[in-house]
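Could you slot chain V onto chain Z? The hints should help.
Chains as they are written, first to last, in my numbering: chain Z, 1 to 201; chain V, 1 to 201.
It is worth saying that the hints were derived from the structure and are not from the lab. Remember, predicted model here, so these are calculated numbers, not experimental data. Misleading hints may appear alongside valid ones.
Dumping the calculated DSS-like pairs for lysine-lysine here, alpha-carbon to alpha-carbon at most 25 Å [as the list claims (entries may be wrong)]: (1) V:LYS45 - V:LYS157; (2) V:LYS91 - V:LYS45; (3) Z:LYS153 - Z:LYS110; (4) Z:LYS157 - V:LYS60; (5) Z:LYS60 - V:LYS157; (6) V:LYS131 - Z:LYS45; (7) Z:LYS45 - Z:LYS60; (8) Z:LYS60 - V:LYS131; (9) Z:LYS45 - V:LYS45; (10) Z:LYS91 - Z:LYS131; (11) V:LYS110 - V:LYS131; (12) V:LYS60 - V:LYS45; (13) V:LYS157 - V:LYS91; (14) Z:LYS60 - V:LYS45; (15) V:LYS131 - V:LYS153; (16) Z:LYS110 - Z:LYS131; (17) V:LYS131 - V:LYS91.
Some chain V residues judged to face chain Z by a derived CB distance under 8 Å, without partners named [to be verified]: (18) GLN47; (19) ALA59; (20) ARG62; (21) ARG75; (22) GLY167; (23) TRP183; (24) ASP186.
Heads up, the beta-carbon is just placed ideally off N, CA and C, and yes, glycines get one too.
Protein chains: 2
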Amino acid sequence: MPRLEFWYEFASNYSYLSVMRISDLARQAGVEVIWKPFLLGPIFKAQGWDTSPFNLYPAKGRYMIRDMQRISESRGLPFVMPPTFPANGLKAARLALIGADEGWIEPFTKAIFEAEFGRGEDIAQPAVLEKALAGLGLDAASLMARAEDPVIKQRLKDQTAEAQSRGIFGAPSFITEDGELFWGDDRLEQALAWAARSKEK
Amino acid sequence: MPRLEFWYEFASNYSYLSVMRISDLARQAGVEVIWKPFLLGPIFKAQGWDTSPFNLYPAKGRYMIRDMQRISESRGLPFVMPPTFPANGLKAARLALIGADEGWIEPFTKAIFEAEFGRGEDIAQPAVLEKALAGLGLDAASLMARAEDPVIKQRLKDQTAEAQSRGIFGAPSFITEDGELFWGDDRLEQALAWAARSKEK
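This is chain Z alone, in the form it adopts within the complex (with noise of 0.2 Å):
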């Protein structure tokens, strides 16, 4: 089965679009979906950005409100602005990292964003990421504590050098297995597409 990278970062609005739609676009599609999460506040950083662009840009912060809206209306999907914005989703995303390993990213990954986008909820604060571990039957305490391994930590820096390697400036990101970049979730389609057909040749 073709695979297809998907790099999203816990903060971004644009990545909760494509979570809660990518495993069903993709299931139609016969794509496999890797999930990996890095961050963007590096990638920002080297472009002399403290904060995102939304917040360093009114008129386009304003705008993006909005869009999301319109899409997520359109979508069926509730849109709550979480009250940080961009949101610390630093420990998210080192627990999704262990959960990459033991299978249960997707499912972490998509309630993490429901609670942040879908309720407006602080993914920066334990209880968040506790309700949501448990939630999946997790044993929270015990992964909350493997979440600060500095073997974990330091994945997390590699995952997200890799992404600024490979030309990431922006979430969500896609990668065929053929290296096609694909930016913003209006680009699903397209890169789902891309990789169903690249493994045809």
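Just chain V now, kept in the frame of chain Z:
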């Protein structure tokens, strides 16, 4: 018939994509297009940018070219990046305002974008503009002179100020009669559907 304002900048590559398809899509949707050229330069400058974000952020710029290639190919459109990007589209925009009064703004705009992004020509060159005008059976020499009229210059400034005051921060942008703003060629279908729907209410 419901109307949709189409705000575009002559140097904008993504405006090219919309220029080449908006008339057909609008006809299908039963929507009238109001062609509104403006300048992104002053709006970018207000955000602290002295050139296109595709130049300021190289990873984004490289991605944009590949994105344009893929989309153009899928639509059967030629795509050649012009030697100078962003081009100086000041004179083209002034001419387009005359064309808005005289009924030839649509074919003129298409001819300019075909030269710029279909063949990679520099639309700051008077010869390119004159050829486009002559190709429409217009008096190129007379129009090139009229484009220097202070009244026309002021109208372009006013139209650019209007774009900014209405929340536009990039091109192409679309505004419906009930004031909804959509940004990007990838929102064109959504903007047309909104325009058609809002009129029904």
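Query raised in the report: If you check each hint against the structure, which ones fail?
Result: Per hint list: 6, 8 and 21 violated.
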